[in-house]
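K.L.:
Listed here are the chains, written in short residue letters.
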Amino acid sequence: MMKILNRLPAAIWPRFHRNHDEHLNPYYTFQDYRQTWGMTIFILMMTALVPLVVMTLIYYQLIETSINTESLLRTERLASNARRAVTFFLEERLAALTFTVNEMDYDQLTDPGHLSEVLRNLKLGFGGLTDLSVIADTGTQVTYAGPFNLEGKDYSNQPWFMECQQHNACVSEIFSGYRDVPHIVVAVKSMRPDGRFFVLRATLETERLIQTLSSYNTGEHADIFLVNRNGLLQTPSQFYEGESHHMNIALPAYSDRTRAMMSVDRNGQPILIGYAFIDTAIAPTSFILMVVKQKAGMMKVWLDLRSNINWFLGVSAVIIAIVITLTSTVMVNQIFQADRQKAETMVAAERNCQLASIGQLAAGVAHEINNPLALINETAGYVKDLFTIKQQYKEDPDLIEHVDSIIDAVERCGTITRQLLGFARRFDVQTQPIDLRDMVADVINFHKKEAEYRNIAIHVDIPETIPLIETDRGKLQQIILNLVNNAFQAIDDGCFLDVRAEMVGPEQVRLSIRDNGCGISEDHLNKVFEPFFTTKKEGQGTGLGLSITYGLVQKLHGNITVQSKRGQGTTFVVTLPVQIKKENQS
Amino acid sequence: MKHFDLLIVDDEQRYADMLAKRLGLRSLTCKVCYDGRTAIDIIGKESFSVVILDLRLPDFYGTEVLIRIKQCRPETAVIILTGHGTEKDREQCMACGAHSFMNKPLDIDRLVAMMARIKERSS
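The listed protein sequences derive, respectively, from chains C and X. Each step along the first sequence adds one to the number in the numbering used here, with nothing skipped, and position 313 is 313. Each step along the second sequence adds one to the number in the numbering used here, with nothing skipped, and position 16 is 16.
One chain only, chain X, in its complex shape (with noise of 0.2 Å):
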């Protein structure tokens, strides 16, 4: 089976597929789901080292999302990636143990330098 490095969860399928080339166009292998339950359903089955996740999706509510997987997958780090997050939603999901919390549109290099480094600790 197939190992990939990330989960992507976001209800904007084109914005998804595309973080994932971008990141396979970095050597990163990317899974990609659109909703809450898929997401759940497949930490459940597999394990990744990162979630990338966005706040608002159709059917739960990212922080929601969030705790499922904590509790599923306490290793597994998540980053929180919303279009309109407020301080209060940083805060809430930092609290829920979030690995960190960033605002579309996003700065790939960031992400990247960010993933390198959960890979280091954890290895």
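Bound conformation, chain C alone (with noise of 0.2 Å):
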């Protein structure tokens, strides 16, 4: 548990956020780390999260697509049997009507015992009738059974009277009329033998129908009621009643079947609406029944789920931006702590290189030095043997020629002394202008002797023409020297090492170090460059130099190539920059 809790920080801001050891840049594989991490979250995030955020918004899409498709079925279909239960209502009672105006005639109907007889059969058989009355051709009320005494009115000039006479049968909207209490009048008109005619009425209640159309209403978010053509309730709404008793959202258009559609009230919320123009088999009518639905309480139960699957999905997402976030991170830092290892090693490696270069140059020099130490030596100690031995003194031009050796000795030591102190400067880091030709003639110069030893000739061709090159001196010289050390290494006695160089355009320097030495495999040609591949015996070789060099070269913003063939030798190919430019050094 402690060794997690110890590890939490560096998996939150890991060591690759505050990578300021710049010294390391070169060797590492990525360059950029936080880069890597960012893609590498960026990248998993996107494939994780896109295909479930755009899945879920498919399912939210088709969802809602067969709600909507179901609702409005569903409120086609209430408004359907809503409508034939209106159209029943109306029928029946006009039918009754037809029926009594055919059984009986005119003057049976005007006797008022008998008209109220038969409203009281009326009453018992249909039920929801207030009153019956027979009116003349005229518009005169000739007989009336009922509550109230409206014997005489004079219904002439009234709309059903006169829409009776055309059609032979009527429904009235719902009007409050000479009694003062909201009524539907439905009437039938019939022939006297005298070819004249009368109509027999009935007064409906409006409580019936009302009672009809309230058991259809279904959930606390539906409406359903009656308004005329103009839009005028009929009914009561209990959510869309605007002014003047008129319905405040939009008059639906005349369609002779039952239809549904989705609309918006005055608040602009979605509501569904069921509508059909009701007519009955006798007469036509003004009313036209509404079902209106408000979508979002349907939706409720939808919307209730949707928001626990944003919920669940939120936090699912929560979930995996931060696991991928860790485990990347986790990742990205492994990575980055062994790539830092491996550069580790590399400068290492490099400084051991440097190093060892320094050793190899000044067991070098102490041999070049010893022998003209050797030749002091044993002059100084011959001049002392003609002191003592000799007894010789001055005037003797023996001694004077061995004194002018000794002289000569110490200035063979003083001119290595200051080739020494010549080639410690160039471990400087800074950029300076460099003549090729001198630097691979100091370079050559310390395997001179070697050369002479095991006959090995070496050829230079560096053209006057190759400028003064802008970089590392210390660095230049290394490259070089491990590349003809190397060469030294892989041919025989008696072999041949060339060292060219061209321009390759105004801007590069091509420089070729050829042996015909044994050669590199094929298969090894690819890994030559690789920190610790060496061919040669345990021991003998550490397999850094060529890394190195390549870790070097690329230091001086240039590339290295190789290219061999077993038995036949083989070229180092190192391109330069002839100016490393300011802002790329490192």
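Straight-line Cα separation of at most 30 Å, DSS-like style, residue types lysine-lysine; simulated pairs:
no., chain 1, residue 1, chain 2, residue 2
1, C, Lys153, C, Lys123
2, X, Lys119, X, Lys88
3, C, Lys448, X, Lys88
4, C, Lys448, C, Lys565
5, X, Lys45, X, Lys21
6, X, Lys21, X, Lys70
7, X, Lys70, C, Lys449
8, C, Lys384, X, Lys21
9, C, Lys527, C, Lys342
10, C, Lys448, C, Lys555
11, X, Lys88, C, Lys449
12, X, Lys119, C, Lys390
13, C, Lys555, C, Lys527
14, X, Lys31, C, Lys390
15, X, Lys21, C, Lys390
16, C, Lys449, X, Lys31
17, C, Lys449, X, Lys21
Taking CB as the label site, the calculated pair distances span:
no., chain 1, residue 1, chain 2, residue 2, range
18, X, Ser47, C, Glu522, 54 to 62 Å
19, X, Asn103, C, Arg351, 28 to 36 Å
20, C, Thr345, X, Ile67, 42 to 50 Å
21, X, Asp59, C, Leu525, 31 to 39 Å
22, X, Asn103, C, Arg454, 22 to 30 Å
23, X, Ser47, C, Thr561, 58 to 66 Å
Note that these hints are calculated values from the structure, not bench results. Where is the CB? At the ideal position from N, CA and C, for every residue including glycine.
Each of the two chains sits in its own frame; use the hints to bring them together as a complex.
P.N.:
Shown next as structure tokens:
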């Protein structure tokens, strides 16, 4: 547990976020670990979350479409059922009146006692009737049976009476009329034997109609009511009553069958409207049946479910994001640590190689100085001998010659010391103009003796047209030294080493170091720049020389390639910029 | 024919000459040559009690000359005198029959003493 807690800060803010070891940069596999980390997280997030979100959205769309379709269908079915009920209510009563006028003649119906008897029977048989009256063709009420005394009233100007004259039957809108109580008039026309007509009129209670409609009202978000064709409410509406008893939603267009549609109420809330224009078989009516449902109410269950799904999705996304971030951070950090370790090893190896070069140099210098020193020793010893053994003094030309010999040997030592100091200065990291010819000559000079002993021919061909190149002296010297060393190790006595330089365009110079030694097999050719790769016997080579050379060439913004054939020799080609751009210097 | 006490083989001419002169002052007659091939030729013709031999010669490595000398004149004592002798060189030379292995710069008194001992032993 403590181990996990200790690793937590590194997982949240790993080391690659604060990588300031710029000297390791040339050896890293990935140059920008923060970018790599960001890209990894981004790609993993996209791969994991985009399909999840897209599928959820598609699922929402499908569910919503299917709910809408189902809701429209159910609203239409409800409107259709309610329409049938209202139509049946009106047709039943119209049919009763038609039966009465066909069964009884005018004289029977105008008998008040008889009419009252008929009303009582109709009430028993059908119910919902308030009164019954017979109206003559002049519009005057002749006989009345019911609770109000309306005998002698003139209905000739009433719209329902005029309609009844035209269509033989009529159903009025709901109105208050003479009795000041909302009611519906249904009436049928019949002919008298003398050719005149009369109208049998019944008044229907609106309560029965309202009850019938209410029985179809389902749910607290649904409303069912009747309006006339001007939008005036005929039965009460729970939610949609506007000014002057008019419905406050748009009147639907005429259709001879039941329909359902989507719309919005005056607050902009989505609603479903089912409607039907009601006509009876005997007479048309001005009623429109309206079924209005609030969509939000109908969708509530789905919206609640969707809210839960959204929560689940959100929490899942957060967990996925955390897991991806932590995993990516840990993984990238592991790669970074491994890469860093490799880079540190490379830097250490480069340092070791530099030290080895200095050691090699020191050994070379010691060897070179030793010979003049031996000569000094013998010559000085001889001078001493002349004094002690031969007893000769001044004016002896032989003595002068030997003193000159001592001075000459000292001069040789001085030359070697100067070279040593010059070489040491070349480890400076600053760029400076360098004459490639001088540098190659310096390096070859270190191998001159060995070349003489081993009878190795060294050809240097660096044209004078090669300009001074602006680069790091120490690193370039080490590159050339390493490659020449490498060639010397690869070639047998009597072989040759060829060092050439040429310009590649105006900005680059190409240095080729070719030998006719043992060469490198094809299998090994692509591995020669890998660290610790060596074909030498254990303990004889570290396998770092060429990989360090590779790193140094990269540091100088150049590149190095190798071509080789087994038994025919090897050519290393180093291409370097004539001038390292200042902003690119590391 | 003049008999020389010793042969000096060294590619550094002035060093070889100087050493010869110093030994000459100490009553030791020296012949000097500057490469391996000449040394082997001389050894084939003349006998020396001591050969002072450098390891790095322009044509042969010192050990090769040493082997030839020992093949031709096993009685000759060969003193290796080199400027940069390693332990490995020393072991190799001693294995090939060198009398002793000395590094430059040289202590001449030590060399003279050593030659006196060789002379004493051979006589």
